[in-house]
Amino acid sequence: MLYALEGFLRRLAASDDRDAFVLKGGVLLAAFDARRPTRDADLLALDLDNDRANVEAKIGSIASIDVADGLALDVASVTSEVIRNEDEYSGIRVKLNYALATMYVRIGIDVNVGDPVHPMPQRITVPGLLADDVTLLGYPMAAVIAEKAVTAMQRGAANTRWRDWADIHVLSARHAFDSDELAGACNAVAAHRGTEVVLIAALLPDYPGIAQAKWVAWRRRPDVVDGLPEAFADLLRAVSDFVDPPLGELTARSVWDPMSRTWQP
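Just so we're aligned: 268 in my numbering is position 165 of the sequence shown, and the numbers increase by one with no gaps anywhere.
These aren't lab readings, by the way, just hints derived from the structure by calculation. For every residue, glycine included, the Cβ atom is placed at its ideal position computed from N, Cα and C. Keep in mind that the hints are not guaranteed to be accurate.
What the hints assert, rightly or not - Derived SDA-like pairs: lysine to any residue, alpha-carbon spacing no greater than 20 Å straight-line:
#1 Lys198 x Ala261
#2 Lys198 x Ala175
#3 Lys317 x Asp329
#4 Lys317 x Ala261
#5 Lys198 x Lys317
As the list claims (entries may be wrong) - Pair ranges (Cβ atoms, derived):
#6 Asp344 x Asp169: 16 to 22 Å
#7 Arg226 x Ala279: 36 to 42 Å
#8 Leu232 x Gly330: 20 to 26 Å
#9 Leu353 x Ser167: 45 to 51 Å
#10 Gly173 x Pro361: 33 to 39 Å
#11 Ser193 x Met223: 21 to 27 Å
#12 Ala334 x Ser193: 31 to 37 Å
#13 Thr182 x Leu203: 32 to 38 Å
All chains should be modelled from the sequences, with the hints used to inform the complete structure.
What follows is the structure in structure tokens.
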């Protein structure tokens with residue numbers, strides 16, 4: 104599955120549309136040393152409207168590019184549908200089959216338009232599983248964190264997106280961040296969604312008791328990364344220590360130190 108998704112990204116990187124799409128979502132995390140299983144690739148389209156037929160045609164055209172990786176598109180397999188999740192997000196999901204030797208692999212490409220990306224998209228490199236690495240436009244890490252953090256702020260104690268919490272914890276344990284960039288990214292996402300930025304710490308009194316049993320069950324899944332706190336309260340506190348200070352208490356630009364898990368001036 105991941106090889107087929109990378110095959111599509113390899114074709115995107117080789118196409119004339121390489122700068123018209125920005126990679127986001129689970130596949131992007133491989134570029135940040137946080138690879139995890141995923142069935143779909145998520146893209147932000149910079150020059151497309153949200154018309155289903157147009158998106159399907161564009162993705163199908165990119166997917167059909169000839170690359171020497173053993174994957175061949177089944178043109179008749181390309182389909183699309185409008186998707187909407189629990190937030191304000193909507194987009195187009197394009198499904199397609201790649202033939203690889205004697206088997207077919209069906210993958211999904213989720214495309215949305217209109218979302219702000221702050222800081223600006225940057226060149227990222229997705230390490231290849233069996234073939235060469237792929238370099239294309241992707242979300243900066245601050246923007247990845249901001250989308251997940253603002254979703255948590257919006258949903259409050261009703262949030263069951265355990266993978267978002269895990270992704271924030273993992274990325275903040277492995278990478279440095281700039282406080283101004285993270286605050287700017289959160290503010291941009293919140294403004295686009297028409298919601299207010301609130302502190303994650305506001306969830307500490309009640310949310311852990313609500314979430315603990317479900318968190319424990321999710322954490323036992325075989326595809327979940329090691330090293331996540333067993334107690335959801337500990338994870339929530341760690342995320343709060345990372346996300347909240349740039350949104351409030353910091354008085355000067357600071358850098359996140361992943362080793363000590365503290366903001367340093």
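task = Given the hint that Lys317 pairs with Asp329, test it: the Cα-Cα distance must not exceed 20 Å.
result = Satisfied, since the Cα-Cα distance of roughly 17 Å is no more than 20 Å.
ask   = Would you say the C-beta atoms of Arg226 and Ala279 sit inside 36 to 42 Å of each other?
value = violated (19 Å)
ask   = Within 20 to 26 Å or not, the Cβ separation of Leu232 and Gly330?
value = About 22 Å separates the Cβ atoms of Leu232 and Gly330, which means 20 to 26 Å holds.
query = Between Lys198 and Ala261, does the CA-CA distance stay at or below 20 Å?
reply = Not OK: Lys198 and Ala261 at ~30 Å, beyond 20 Å, violated.
query = CB of Leu353 to CB of Ser167, is that within 45 to 51 Å?
reply = holds (49 Å)
ask   = Within 20 Å, alpha carbon to alpha carbon, are Lys198 and Ala175?
value = holds (14 Å)
ask   = Does 16 to 22 Å hold as the CB distance between Asp344 and Asp169, or does it fail?
value = violated (49 Å)
ask   = Within a Cα-Cα threshold of 20 Å, do Lys317 and Ala261 meet the stated pairing?
value = holds (12 Å)
ask   = Keeping to a limit of 20 Å between CA atoms, is the pair of Lys198 and Lys317 held or broken?
value = Violated: Lys198 and Lys317 sit about 31 Å apart, past 20 Å.
Distance restraint hint 21 to 27 Å, applied to the beta-carbon atoms of Ser193 and Met223 = Once the Cβ atoms are compared, 23 Å apart, the range 21 to 27 Å for Met223 and Ser193 holds.
task = Could you see if the CB distance from Ala334 to Ser193 stays within 31 to 37 Å?
result = holds (35 Å)
request  = Check the following: the C-beta atoms of Thr182 and Leu203 are separated by a distance inside 32 to 38 Å.
outcome  = violated (19 Å)
Hints 1, 5, 6, 7 and 13 from the earlier list are contradicted by this structure; the remaining hints agree with it.
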